[in-house]
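Asks: Hey, can you piece these two chains together into the complex? The hints should help.
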Amino acid sequence: GAVVSQHPSRVICKSGTSVKIECRSLDFQATTMFWYRQFPKQSLMLMATSNEGSKATYEQGVEKDKFLINHASLTLSTLTVTSAHPEDSSFYICSARARPAGYTFGSGTRLTVV
Amino acid sequence: EDKVVQSPLSLVVHEGDTVTLNCSYEVTNFRSLLWYKQEKKAPTFLFMLTSSGIEKKSGRLSSILDKKELFSILNITATQTGDSAIYLCAGIYSGTYKYIFGTGTRLKVLA
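If you read the sequences in order, they're chains A and B.
Quick note: the first sequence uses my numbering, first residue 25, plus one each step.
Quick note: the second sequence uses my numbering, first residue 707, plus one each step.
Heads up, none of these hints are tricks.
Result set (DMTMM-like, lysine to aspartate or glutamate): computed pairs, CA atoms no more than 20 Å apart in a straight line: (1) A:K65 to B:D789; (2) A:K88 to A:E76; (3) A:K65 to B:E745; (4) A:K88 to A:E111; (5) B:K762 to B:D789; (6) B:K747 to A:E46.
Chain A residues, not near chain B, derived (Cβ > 12 Å throughout): (7) G77; (8) K90; (9) N94; (10) S97; (11) L100; (12) T104; (13) H109.
Simulated restraints, written as ranges between beta carbons of each label pair: (14) A:K38 to B:G722: 43 to 51 Å; (15) A:S42 to B:K814: 35 to 43 Å; (16) B:S713 to A:G85: 22 to 30 Å; (17) B:T734 to A:R134: 28 to 36 Å.
To be clear, the hints were calculated from the coordinates, so they are not data collected in a lab.
Keep in mind the model is a prediction, meaning the values are calculated, not measured.
Using N, Cα and C, we set each Cβ at its ideal position, and we do this for glycine too.
One chain only, chain B, in its complex shape (with noise of 0.2 Å):
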């Protein structure tokens, strides 16, 4: 059956930390992955991962793919309160386009 799943579930750290998220999954037919940053409402779209050891950047936020070991991680360094959310992984399926979400991780950023 196919999955995607995150760790860790939660995380609590204080400003200015790095974090790593971790992103596994097991996906028939694999397409690329996807990392969201979900707070109150909708989702909001981080990276779209399609190639293996491509890093992704956008400020403080980078991540990569690994196709081999099928996983990724999403890196958010110097860490805001505003980073405060949960952090969704999803991997979409060749052909259908069809999403399946991670657990998500839900990280707290403290003053």
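Just chain A, with the same shape it has in the complex (with noise of 0.2 Å):
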């Protein structure tokens, strides 16, 4: 079935520094990919959609200067948290469409900034 390999699976860094989180279909080519965020307790938030060979298309409120989006093919998304600070910790999850799966998800990368 279609796997979407995602790392790390856990990172702590420190405030101000930049994360790298990496999604790679490993048997598919996923032309969008799709990041969330989501806090303890809480659903998964949408914020961006990664378009293979185009600009990112953000959520209303998240900022794309601070969440990069990378999708330089059509088998690897990288989402970069820059300068990151504790409010920034949480899990971050990575899904794609996949045919005839449906849809999958990474499995997700907790961070933590001290």
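Replies: Given below as structure tokens:
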């Protein structure tokens, strides 16, 4: 079945540093990937839609300069949290549309900014 | 404003009970509705519902969509402690395939 590999699964970084999260589609081509964040005990909130070869589309209220998304190939999308602060600590997860399996999620990245 | 609302927000039952989880949606250009189970990490896919009135089943789980009344239910029969999780439903937009997630239902099954 369609698999999305997400790395790292857990990262702790210092305030002010940048963190890159990668999502790779392993056995299919993902022209579109979605990036979500999830705070404890809350649902997933869509941050942005990543399209291969073009600029990402950000949801209202999401800072595009803070959350940089790059989708340079059909199998790789990256989310970079720039100048991270403790309030950016969250669970970040990507998702891709994969025929015929439907939609598949990466395993998620738990970011802790100290 | 588009939204997906789930109820109840949380539920505690005993093993063997049957539960029904509700999901109502208001999604412009609605395409499909999905159900996911989320334990500690990434949600795992349960069902995708596109047509109204057709029940989908997988073991003890079943789900159905009503596109006229804009809701879906997820049934779990003979619950087990391993069913304890957050159950999420999400509406998918036609064209963009973006999801909008519901608030989730936190289910706890006691032994």
